[in-house]
Amino acid sequence: MWLPAGFATAIVVCLSLGCSGPGAMLSSSEGRIERLTRLLSFEMRREQSAIARRSTVYREPQLEQYLERMLASLMPVEAPEGVVPHAVLISDSGQNAYSFPDGAIYIHTGLLSRLESEAELALLLAHEIAHVTRRHALRELAASPASTDVTVFDRALSESLAWFHDSRAQREFHQISGELVSLRRSLEQEADRVGLDMVIEANYDPYEALEIFEHLREADCMGAGADRAAALLQALNRTDPVAGRFTDRAVFGEHLQQLLFEQARLELRHGRWDEALRCARRLLLGVPTHARIHFLLGEILMQRNEGEEVPQALAHYFRAIAVDPSLPEPHKAIGLIYFKKGQVRLARSFFESALALAPHSHDSDYIRSYLNQCITKIEGENL
Amino acid sequence: MKPRIWICIILVALLASCAHGGGKPALTFNAALPEGWKEIPTDDAMMFMTKEGGYKQFVLIRERPLSEPFQFTKRTLQPGMLPEAAAEIIVNEILADSNIRNFSVTENIPARIAGNSGFRMVFVYTDADGYLFKTIYYGFIKGDTFYNIRYAATQEEYFQKDLKTFEEVLKSFNLVAAK
Chain A
1 MWLPAGFATA IVVCLSLGCS GPGAMLSSSE GRIERLTRLL SFEMRREQSA IARRSTVYRE
61 PQLEQYLERM LASLMPVEAP EGVVPHAVLI SDSGQNAYSF PDGAIYIHTG LLSRLESEAE
121 LALLLAHEIA HVTRRHALRE LAASPASTDV TVFDRALSES LAWFHDSRAQ REFHQISGEL
181 VSLRRSLEQE ADRVGLDMVI EANYDPYEAL EIFEHLREAD CMGAGADRAA ALLQALNRTD
241 PVAGRFTDRA VFGEHLQQLL FEQARLELRH GRWDEALRCA RRLLLGVPTH ARIHFLLGEI
301 LMQRNEGEEV PQALAHYFRA IAVDPSLPEP HKAIGLIYFK KGQVRLARSF FESALALAPH
361 SHDSDYIRSY LNQCITKIEG ENL
Chain B
384 MKPRIWICII LVALLASCAH GGGKPALTFN AALPEGWKEI PTDDAMMFMT KEGGYKQFVL
444 IRERPLSEPF QFTKRTLQPG MLPEAAAEII VNEILADSNI RNFSVTENIP ARIAGNSGFR
504 MVFVYTDADG YLFKTIYYGF IKGDTFYNIR YAATQEEYFQ KDLKTFEEVL KSFNLVAAK
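Going down the list, the protein sequences come from chains A and B. In this text, residue positions in the first sequence follow this note's numbering: the first is 1, and each later residue adds one. In this text, residue positions in the second sequence follow this note's numbering: the first is 384, and each later residue adds one.
Hints listed in this document are in silico derivations from the structure and should not be mistaken for laboratory results. If you're wondering where the values come from, they're calculated on a predicted model, not measured in any experiment. Heads up, the beta-carbon is just placed ideally off N, CA and C, and yes, glycines get one too. Be a bit skeptical, because a hint or two may be false.
Every beta carbon over 10 Å from chain A, so not counted as near; a handful from chain B, in silico [what the hints assert, rightly or not]:
id	residue
1	Ala409
2	Lys421
3	Glu422
4	Ile423
5	Asp426
6	Thr433
7	Pro448
8	Ser450
9	Arg458
10	Lys517
11	Asn557
12	Leu558
Lysine to any residue pairs mimicking SDA-like chemistry, simulated, CA-CA at most 25 Å apart [unchecked claim]:
id	chain 1	residue 1	chain 2	residue 2
13	B	Lys457	A	Glu308
14	B	Lys439	B	Ser500
15	A	Lys341	B	Ser500
16	B	Lys554	B	Glu490
17	A	Lys340	B	Ala469
18	A	Lys340	A	Glu309
The following block holds chain B by itself, in its conformation from the complex:
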């Protein structure tokens, strides 16, 4: 895979750059790595896992402080914000990213994630290299942290194939030390 593609996928997946440094912070969640998948090491508060490479499929679980503004809209999530409002901010952030084309939300509903009220979105988009991605995106706010769990794959070839695996990862997700 071309390095540029990796850079793109990471940028797209993160939605925002993490400003902190000094090594990977301790995560406040757990999730099981599926058999045959590998976790890509990062310095950020996230788990990034893939079976065959980020341009085929990946699962990204990330926690971010609510005070951290998003990269493009500079908006922030607020403690106690309704899941629907949080989902809207995520959508607006993606819309503001000029690397993302043809973004379209096909589902946006309330959801429970590890016992927390949140949202589930399904959307498709084309990245700067013209790759079409389908993504399932779960998110919820707990205390002063926003957690999101997403599964993205090149729509035609890989999405359905690894959907069950993602559902297993989602089931295994739990908070270990809620902030």
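This is chain A alone, in the form it adopts within the complex:
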């Protein structure tokens, strides 16, 4: 969980392809590690640009500051030169996190939304920091045959990117990928161990931190989560008892409030009802009287389109109005439920109140059209 797949593939393919070219002109006195470092730097920038193009960065200054503070508290004193740990949140349902040699740690909001304590977050960040400070990317590169990388380095700097993706490159990659599996596994284990040490050093309770494996088990985004957790627990049990502080989960929940809300909306847009419900219900535990969360829950239940959930959705809409009578959306939502049931008099009153609260809302034309249909029906009944 420390390099995006494309990046890892690219640098490995780099090293697996060998052929003559201007790269051979590189000074032989230039150290291999130096060259690989430059290659990594080049690939890193390219991959980060690609991520920026294809992803949506989640921005929330307060949460970002919180993550920066955590990174600073976990960072070992002697960090490699040029490494500046910083978190980049990607708005994505995926359960993924990865890091780059410059210290950039990318975390999907879908993963962050699953964490339940600051200790778990600390372990996640520390694991990624360990990949960076232990220069795992470089070590992986250095483990590849030295005979290939001089010319490959030159190709990586060329204008054409096509060779990265050609079938030969893929074939070569698959041939050597087996050899890399064990190396990667050992690097992951090292990041786990070093990360856990950082967590203990920062005075978190390691057992609380290890719960991350439990919470991510469903998606198993940390690889073989159960095995890794077991290995770390075993290592912990061999050492002197560690007494860290338990973190306040309510406070952690507050840090994630906005993110959970946005995540619930993202999952709703994608039709992933269970995930949307999980985020919204978790939010409601922390803030039971939040009108917008009740409205969101109502929306999720309605859009899930399971008939028996309409009364539940209705209850959430009414609760939203009770908490904040000035919120127009639940008025419209209740109006729609009655409208679909043919209870046009009731529907009319809710559409009217929605319009009165927000006469120029983006959906006011729709509400007016529903209202007109209600009035036409009511007038027909009165004749």
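Could you slot chain B onto chain A? The hints should help.
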């Protein structure tokens, strides 16, 4: 025009890939091809027409079974769904497409299309190659079929120029054998 651009525009325009094969199915709608425009043949249940190429302007009319899930969100439209709810699903599908950037809806209102209740949306977006498009998108559900009629053009140069032509196409649209 580069082949990749054509692939992109078709993908963007379709929103979803059609799974069926075996030649073009019989369409259940009619629409007039404007003078000077050409219809690009496809195997899918659609009419794709353009005057100067898909990256300048195009009109796409498509019918799709409600049971067919959308490509990115996997959501489906439902019979009897309100037009506003259908529009929301379309918006969510576009938002979920990572090839589409800077997507923004500037209008979303109820509309009548060939006598059917539906919606009209206007939105802009940038595609994977950085081209800015403006689109008018009409949609409605009839029986178990979703019909959509859209006009898209590179915003600055072509949108206004062919807007009237699109309105003529829209007027000419009619269902011949509603499912």
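Hints and how they fare:
| no. | hint | in the structure |
| --- | --- | --- |
| 1 | Ala409 | holds (31 Å) |
| 2 | Lys421 | holds (32 Å) |
| 3 | Glu422 | holds (33 Å) |
| 4 | Ile423 | holds (28 Å) |
| 5 | Asp426 | holds (27 Å) |
| 6 | Thr433 | holds (27 Å) |
| 7 | Pro448 | holds (18 Å) |
| 8 | Ser450 | holds (14 Å) |
| 9 | Arg458 | violated (4 Å) |
| 10 | Lys517 | holds (18 Å) |
| 11 | Asn557 | holds (23 Å) |
| 12 | Leu558 | holds (22 Å) |
| 13 | B/Lys457 <-> A/Glu308 | holds (23 Å) |
| 14 | B/Lys439 <-> B/Ser500 | violated (30 Å) |
| 15 | A/Lys341 <-> B/Ser500 | holds (19 Å) |
| 16 | B/Lys554 <-> B/Glu490 | holds (20 Å) |
| 17 | A/Lys340 <-> B/Ala469 | holds (15 Å) |
| 18 | A/Lys340 <-> A/Glu309 | holds (15 Å) |
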